Every structure is written in C-alpha cells, then in structure tokens.
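A.B. asks: Listed here are the chains, written in short residue letters.
2 protein chains.
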Amino acid sequence: MKLQVALDRLPWDDCFTVIESVKDSVDFIEIGTGVIKEFGVGIIKEMKQAYPEKTLVADMKICDAGKHETALALDAGADITTVMGFAPLQTIKDCIEVANQADKQIMVDLLGIRNREKIEELVESGADLLSLHIGKDEQKSGGLDAEHFRLVEGLNDVQTAVAGGINQDSLPAFLEHRPDVIIVGSAITKAKNRKEAAKTIKGMIK
Amino acid sequence: MKLQVALDRLPWDDCFTVIESVKDSVDFIEIGTGVIKEFGVGIIKEMKQAYPEKTLVADMKICDAGKHETALALDAGADITTVMGFAPLQTIKDCIEVANQADKQIMVDLLGIRNREKIEELVESGADLLSLHIGKDEQKSGGLDAEHFRLVEGLNDVQTAVAGGINQDSLPAFLEHRPDVIIVGSAITKAKNRKEAAKTIKGMIK
Chain A
1 MKLQVALDRL PWDDCFTVIE SVKDSVDFIE IGTGVIKEFG VGIIKEMKQA
51 YPEKTLVADM KICDAGKHET ALALDAGADI TTVMGFAPLQ TIKDCIEVAN
101 QADKQIMVDL LGIRNREKIE ELVESGADLL SLHIGKDEQK SGGLDAEHFR
151 LVEGLNDVQT AVAGGINQDS LPAFLEHRPD VIIVGSAITK AKNRKEAAKT
201 IKGMIK
Chain B
1 MKLQVALDRL PWDDCFTVIE SVKDSVDFIE IGTGVIKEFG VGIIKEMKQA
51 YPEKTLVADM KICDAGKHET ALALDAGADI TTVMGFAPLQ TIKDCIEVAN
101 QADKQIMVDL LGIRNREKIE ELVESGADLL SLHIGKDEQK SGGLDAEHFR
151 LVEGLNDVQT AVAGGINQDS LPAFLEHRPD VIIVGSAITK AKNRKEAAKT
201 IKGMIK
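Residue numbers (UniProt numbering), protein chains in the order written: chain A, 1 to 206; chain B, 1 to 206.
Chain A with its partners taken away, still in its complex shape (with noise of 0.2 Å):
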C-alpha cells in the first residue's frame, strides 16, 4: 500500500518544505488542483526534479480537453495525472491514451459518482487506477464509508485509492478495505510534526 501526501493550499516554498520534512515516509507526492491552478505547472517541474526517485501525482481534475492537459501535466514532470470521472467518456478516453502511450498512468477520480454501472463503463474505457474522493466541500456533510467502497468492490485489475480527510483516527476504517493508495493531505501538512505524522500514517499502513 503507498501513501501519497496531497499539497493544497500551499505556497509554493511550503510544497518543498513540507515534502523535504516527510520523503522518507512517502511514495507518492501529489500536488493539488489548487497549487497548480495558482502556480501552473512550472511546479510540478521543480517538485520531479527534486525528488525524481517519487511518483508525481498531477490532481489537474480534467474535464475536458483530455489530450492536452494529459499532455501539459506529463510534459512538466507528473507520472499520474487525474481526470473527472464524470468528464465525457471522450475526455477520459484521451486521457488514458496519450498516458499509456508515455507510460504513464491515469487516476479517475469518482467525485460524484455514485452508480456501479458508471464506473464499470470506466473501467471498460481502460480506467485501471480508481480514487474514492469525499471532496473538501463534501466534507462538511460526511465523509467516505462502506458504500463507496462497494462501488469498486470486485473489479478486476483495477487499483483503487482513497482520498478525503483521512486522519490517523480515520485511517483504520479505511485499511480494511485494502486500498492501494492512501492519500492524506492536512493530516500530514498541518501536522506540528509533519515527519512524525507521515512515519506514524506510513507505519500504520504497512
């Protein structure tokens, strides 16, 4: 199981910061849709040169123009780009095409989405990384729960990551599932011990 540390609502000198302080706890570095939009994606180049041996997670959140934001993002350094899952078929489609021909790889993120048959149809595009996502809005009214974990209950090949306020009180709930990827963000960045925070999380999911 990977654990990948989100940076959102970071200046951009935090991002390294906070990643310097937790390297040794974390496989995956994400840099949120908020950081990107303020930044571009000047930032993503700066985070893969500086930690090449991490896999870079673009959370671009794309809608539509598949191709060529896949693109942009691969282009500055990500190895994992996102899409919407309730983007057009078409979109996801594209996305999934020019990663693969990079070999690099797509993560649908199901915002949303809350039918099986959707993301069957995902799947079917060549969807093979899922990520069950409780939004920072949709928070507010509740969290993730045994229910969307039985949305992707089942797929084969399929690789599935977990994202929305998880905390170190939360995560053991999330564990059972066995999710490939664990994603934390305030839980890790607003730590008073970010490296302390990051070994526990990393620590409980091994």
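Fair warning: there could be bad hints in the mix.
Pair by pair, the computed Cβ-Cβ distance ranges are [what the hints assert, rightly or not]:
{"no.": "1", "chain 1": "A", "residue 1": "Met204", "chain 2": "B", "residue 2": "Arg114", "range": "52 to 60 Å"}
{"no.": "2", "chain 1": "A", "residue 1": "Lys2", "chain 2": "B", "residue 2": "Pro172", "range": "49 to 57 Å"}
{"no.": "3", "chain 1": "A", "residue 1": "Gly126", "chain 2": "B", "residue 2": "Pro172", "range": "38 to 46 Å"}
{"no.": "4", "chain 1": "A", "residue 1": "Arg178", "chain 2": "B", "residue 2": "Lys195", "range": "37 to 45 Å"}
{"no.": "5", "chain 1": "A", "residue 1": "Gln49", "chain 2": "B", "residue 2": "Pro11", "range": "19 to 27 Å"}
List time: in silico DSBU-like cross-link candidates among lysine-lysine, alpha-carbon distance up to 30 Å [stated by the list, open to error]:
{"no.": "6", "chain 1": "B", "residue 1": "Lys67", "chain 2": "A", "residue 2": "Lys118"}
{"no.": "7", "chain 1": "A", "residue 1": "Lys45", "chain 2": "B", "residue 2": "Lys93"}
{"no.": "8", "chain 1": "A", "residue 1": "Lys190", "chain 2": "A", "residue 2": "Lys23"}
{"no.": "9", "chain 1": "B", "residue 1": "Lys67", "chain 2": "A", "residue 2": "Lys190"}
{"no.": "10", "chain 1": "A", "residue 1": "Lys67", "chain 2": "B", "residue 2": "Lys190"}
{"no.": "11", "chain 1": "A", "residue 1": "Lys67", "chain 2": "A", "residue 2": "Lys93"}
{"no.": "12", "chain 1": "B", "residue 1": "Lys118", "chain 2": "B", "residue 2": "Lys93"}
{"no.": "13", "chain 1": "B", "residue 1": "Lys192", "chain 2": "A", "residue 2": "Lys67"}
{"no.": "14", "chain 1": "B", "residue 1": "Lys118", "chain 2": "A", "residue 2": "Lys67"}
{"no.": "15", "chain 1": "A", "residue 1": "Lys195", "chain 2": "A", "residue 2": "Lys45"}
{"no.": "16", "chain 1": "B", "residue 1": "Lys67", "chain 2": "A", "residue 2": "Lys45"}
{"no.": "17", "chain 1": "B", "residue 1": "Lys48", "chain 2": "A", "residue 2": "Lys67"}
{"no.": "18", "chain 1": "B", "residue 1": "Lys190", "chain 2": "A", "residue 2": "Lys93"}
{"no.": "19", "chain 1": "A", "residue 1": "Lys192", "chain 2": "B", "residue 2": "Lys67"}
{"no.": "20", "chain 1": "A", "residue 1": "Lys93", "chain 2": "B", "residue 2": "Lys118"}
{"no.": "21", "chain 1": "B", "residue 1": "Lys48", "chain 2": "A", "residue 2": "Lys45"}
{"no.": "22", "chain 1": "B", "residue 1": "Lys45", "chain 2": "A", "residue 2": "Lys67"}
{"no.": "23", "chain 1": "A", "residue 1": "Lys54", "chain 2": "A", "residue 2": "Lys192"}
{"no.": "24", "chain 1": "B", "residue 1": "Lys104", "chain 2": "B", "residue 2": "Lys199"}
{"no.": "25", "chain 1": "A", "residue 1": "Lys118", "chain 2": "B", "residue 2": "Lys93"}
{"no.": "26", "chain 1": "B", "residue 1": "Lys45", "chain 2": "A", "residue 2": "Lys48"}
{"no.": "27", "chain 1": "A", "residue 1": "Lys118", "chain 2": "B", "residue 2": "Lys45"}
{"no.": "28", "chain 1": "A", "residue 1": "Lys45", "chain 2": "B", "residue 2": "Lys45"}
{"no.": "29", "chain 1": "A", "residue 1": "Lys48", "chain 2": "B", "residue 2": "Lys67"}
{"no.": "30", "chain 1": "B", "residue 1": "Lys93", "chain 2": "A", "residue 2": "Lys190"}
{"no.": "31", "chain 1": "A", "residue 1": "Lys190", "chain 2": "B", "residue 2": "Lys45"}
{"no.": "32", "chain 1": "B", "residue 1": "Lys206", "chain 2": "A", "residue 2": "Lys67"}
Chain B regions said to be covered by chain A (calculated; three or more residues, Cβ under 8 Å) [said to hold, decoys possible]:
{"no.": "33", "region": "11-17"}
{"no.": "34", "region": "29-43"}
{"no.": "35", "region": "50-63"}
{"no.": "36", "region": "184-191"}
Hints are computed from structural coordinates only; laboratory data are not their basis.
This structure is a prediction, so every number in the text was calculated from the model and none was measured.
We treat Cβ as the ideally placed atom computed from N, Cα and C, and that holds for glycine.
Start from chain A and add chain B according to the hints.
C.D. replies: Okay, now just chain B, sitting in the frame of chain A:
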C-alpha cells in the same frame, strides 16, 4: 448579447497579442482552463491590468474547494469564474457565496448535464448564469443542438452562455435561441485575420 473570446492552447504572449487585435469587438475575455493550469492565475492578473474595462472570465472549471478556488480567481482579477455543474452542490453554493460577497459572478458549466431537474436544482441554489457547453472532446461526435437549449428554456432570472466550436457558419443557429453570451474560441484566435473575424462575429450577434 455579449461576445466572449476564449483564449486556450496559446502561449502567454499570444494571449495578449490576440486581445490587442480583437479588443474593439469583444466584451468578455476568457482565460481558458488549459492556460490557467499552464501558467497559473498570474496571467489573469496581467490580463485584468491590461484590459480593466473588459469583463474577465476565468475558466477555472472548479470541481471542489469552491471557496478557495473562487477566491483564487477573483483575487487575481476575474469578474466571472466557472464551476462545473456536476460538482457537488455544496461546492457550487460555496462558489456563488464567495462571488456574491465580492459582487462578482459564477458561470455554471453544464458540460455533461442532460437533465432539466439538475438544472432546476442549480438555479434554486443561486446559479444565475449557465453555460451550455459541448466540450472539445465531445465535439468530435456532434455539437450543441436544440435539445440543449430546451434544458434552459423558460427559466426565470437566468442568463445563458453558449460555447463549443462556434464559428461564423454555425452562429446563426445559436442566435435563434437568444443566449446572453456567445463564446467563441478558435474561430477568432486561429483566424487568419483575427480582427476581421471578431468584427464580423460581433456584427452578427448585435
């Protein structure tokens, strides 16, 4: 009826060259999603400083973190920011709240939305500017048609924008539906004579 020119897949300098050519004919300047992700919101700031008299639309395509991303765009100088209609309803409400407080506006992008109930829900949540939008990737299999316009027919106090591969040939069919904003991208930005193309289109919509 307003003419909005969409700047997408253009280098930073070209965005300004294009606007300098077409400024007499366009009302709204849109910084496209790809441009924002490539360069960050700094280009919104520079565009607003260069053309303060124009309405500046940041096509942020917000999916989550509505308050944060709306503030990011508005603080940079945007007058209107887009949110995806398929984002969680809480996200859309948050965007509208932040925009209203700043006396700015949210454009809800209806990409992928095909049911009237969803649109009525958006309007009840405070959406007052809806964008009928066939994405770049969807355009391969067909453009906007009368069925799309029926989605927004008869709604009170709601303005509509239309986007998706509109050019001089296809424009008359859109004009019949009397939208408030016509969004044109490559038919202006890739025209041999951009100034003339913008002038012709502006003349057609008046």
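A.B. asks: Hint by hint, say whether it matches the structure.
C.D. replies: Cross-check of the supplied hints:
The supplied range of 52 to 60 Å is broken by A:Met204 and B:Arg114, whose beta-carbon atoms lie about 43 Å from each other. A C-beta distance of roughly 54 Å is found between A:Lys2 and B:Pro172, which places it inside the suggested range of 49 to 57 Å. Against the hinted window of 38 to 46 Å, the Cβ-Cβ separation of A:Gly126 and B:Pro172 comes to about 39 Å, which satisfies the hint. In this structure the hint that A:Arg178 and B:Lys195 lie 37 to 45 Å apart at CB is violated, the actual value being about 60 Å.
Against the hinted window of 19 to 27 Å, the Cβ-Cβ separation of A:Gln49 and B:Pro11 comes to about 22 Å, which satisfies the hint. A C-alpha spacing of about 28 Å is found between B:Lys67 and A:Lys118, which places the hinted pair at or below 30 Å, so the restraint holds. Only pairs whose Cα atoms come within 30 Å are accepted, and A:Lys45 paired with B:Lys93 is rejected, the gap being roughly 34 Å. Using a Cα cut-off of 30 Å, the hinted pair A:Lys190 and A:Lys23 holds, with the two alpha carbons roughly 15 Å apart.
Restraint check for B:Lys67 and A:Lys190: the C-alpha separation of about 19 Å stays at or below 30 Å, so the hint holds. Restraint check: the Cα-Cα separation between A:Lys67 and B:Lys190 comes to about 19 Å, which is no more than 30 Å; the hinted pair holds. In summary, the hint linking A:Lys67 to A:Lys93 is supported, as the alpha carbons are separated by about 9 Å, within the 30 Å threshold. With a CA separation close to 14 Å, the supplied pair B:Lys118 and B:Lys93 stays within the 30 Å bound.
A hinted pair counts as satisfied when its Cα atoms are at most 30 Å apart, and B:Lys192 with A:Lys67 qualifies at roughly 25 Å. Using a Cα cut-off of 30 Å, the hinted pair B:Lys118 and A:Lys67 holds, with the two alpha carbons roughly 28 Å apart. Annotation: proposed proximity of A:Lys195 to A:Lys45 holds, straight-line Cα distance about 24 Å (limit 30 Å). Between the alpha carbons of B:Lys67 and A:Lys45 the distance comes to roughly 27 Å, so the proposed pair stays at or under 30 Å and holds.
Between B:Lys48 and A:Lys67, the direct Cα distance comes to roughly 29 Å. Compliance with the 30 Å bound is thereby established for this hinted pair. The straight-line distance between the Cα atoms of B:Lys190 and A:Lys93 is roughly 26 Å, inside the 30 Å bound, and the hint therefore holds. The suggested pairing of A:Lys192 with B:Lys67 holds, with an alpha-carbon distance near 25 Å, which does not exceed 30 Å. With a CA separation close to 25 Å, the supplied pair A:Lys93 and B:Lys118 stays within the 30 Å bound.
Of the supplied pair hints, the one linking B:Lys48 and A:Lys45 holds, its CA atoms being roughly 27 Å apart against a limit of 30 Å. Between B:Lys45 and A:Lys67 the alpha-carbon distance is near 27 Å, which keeps this suggested pair within the 30 Å criterion. Proximity of A:Lys54 to A:Lys192 is assessed by CA-CA distance (about 24 Å); at most 30 Å being required, the pair is judged to hold. Distance hint between B:Lys104 and B:Lys199 is fulfilled; the C-alpha atoms sit about 27 Å from each other, no more than 30 Å.
Annotation: proposed proximity of A:Lys118 to B:Lys93 holds, straight-line Cα distance about 25 Å (limit 30 Å). At roughly 27 Å between alpha-carbon atoms, B:Lys45 and A:Lys48 fall within 30 Å of each other, so this suggested pair holds. With a CA separation close to 39 Å, the supplied pair A:Lys118 and B:Lys45 exceeds the 30 Å bound. At most 30 Å may separate the alpha-carbon atoms for a hinted pair to count; A:Lys45 and B:Lys45 meet this at roughly 23 Å.
Between A:Lys48 and B:Lys67 the CA atoms are separated by roughly 29 Å; this keeps the pair inside 30 Å, and the hint holds. Between B:Lys93 and A:Lys190 the CA atoms are separated by roughly 26 Å; this keeps the pair inside 30 Å, and the hint holds. For the hint linking A:Lys190 to B:Lys45, the alpha-carbon distance of about 29 Å falls within 30 Å, and the restraint holds. As the CA atoms of B:Lys206 and A:Lys67 are separated by approximately 35 Å, the hinted pair breaks the 30 Å bound.
With 0 residues carrying a beta carbon less than 8 Å from a beta carbon of chain A, the region 11-17 of chain B misses the three-residue requirement, and the given coverage is violated. With 9 residues bearing a CB less than 8 Å from a CB of chain A, the region 29-43 of chain B meets the requirement of three and the coverage assertion stands. Taking a C-beta to C-beta cut-off of 8 Å, the region 50-63 of chain B contributes 3 residues in contact with chain A, enough for the three needed, and the coverage statement holds. Given a C-beta distance limit of less than 8 Å, the hint that chain A covers the region 184-191 of chain B is violated, as 0 residues qualify and 3 are needed.
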